[in-house]
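*Asks:* Sequence:
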Amino acid sequence: MKNSFKIFWPTLGITLFLISLLFNFSDIGNDFSLLWRIVSLWNILLYISAAICVGLLLALCLFRKQPFKKRIIFTISISFIMLSTYQFTEMAIFKYGLREEYNYFTAKRDVKKGNVQVLGAGLIIYFEHDTVLNEKTRAAIEKKYGFKSKEVGCIYYEGIGFYNNVMEDYLVERNGPNWRSRFNKEISLAKKKQKNKEQMLSVISE
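In the working numbering, the protein residues as written are 1 to 206.
No wet-lab data here; the hints were simulated from the structure. Every residue, glycine too, gets a C-beta built ideally from N, C-alpha and C. Incorrect hints may appear among the rest.
As the list claims (entries may be wrong) - Straight-line Cα separation of at most 25 Å, SDA-like style, residue types lysine to any residue; simulated pairs:
hint, residue 1, residue 2
1, 185, 196
2, 70, 85
3, 185, 157
4, 185, 113
5, 191, 178
6, 113, 85
7, 148, 182
8, 185, 199
9, 108, 151
10, 148, 120
Unchecked claim - The following label-pair restraints were derived from C-beta to C-beta distances:
hint, residue 1, residue 2, range
11, 111, 158, 48 to 58 Å
12, 52, 111, 43 to 53 Å
13, 158, 18, 16 to 26 Å
14, 161, 61, 38 to 48 Å
When you get a sec, could you build the whole thing from the sequences and use the hints?
*Replies:* Here's what the structure looks like:
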């Protein structure tokens with residue numbers, strides 16, 4: 001039993017460490033081809049060296065009554081587990097945009113408060129013949145469907161995607177599965193009416 005327990009911790013530490021490296025260098029499992037492009041032996045050796053150094057330091061401070069060999073195997077294993085946990089935590093924070101103002105959890109909070117908004121990010125380019133819908137008209141149509149639009153800057157990050165996904169789920173539940181199609185038709189119709197009105201005013205003024 002003791003021997004199996006001795007094997008358990010190193011096996012757990014190394015397994016978690018390898019899995020964390022695999023996900024860390026493959027965009028959290030989205031693109032495993034990145035492994036062959038960005039991972040080098042030096043990267044792996046650096047991580048392993050860091051884990052061993054931390055394990056050695058822990059061995060000097062903890063479990064002093066235990067034999068040094070037994071102590072060092074256990075603390076290095078714990079070090080690998082700690083490093084793996086840190087990497088998994090960082091990946092989760094990045095994946096869900098938890099350091100950003102807008103993310104999955106802030107979206108849930110906003111829905112609960114009744115502050116339903118769809119975020120936009122990136123540069124907005126208008127072409128010469130585009131009709132820019134009057135803000136009040138657009139806001140009125142959005143209100144009918146239970147949300148408002150909000151531009152949050154030029155840079156898109158993961159948290160915005162998760163935020164909008166939560167809002168989309170809520171709006172589908174509120175308005176039905178084809179609500180976006182109906183909304184776009186109303187926007188197009190409002191643009192057409194506005195354009196016709198602008199053309200009429202232009203003719204009258206001439």
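*Asks:* Can you give the numbers of the hints that this structure goes against, from lowest to highest?
*Replies:* 3, 4, 6 and 11
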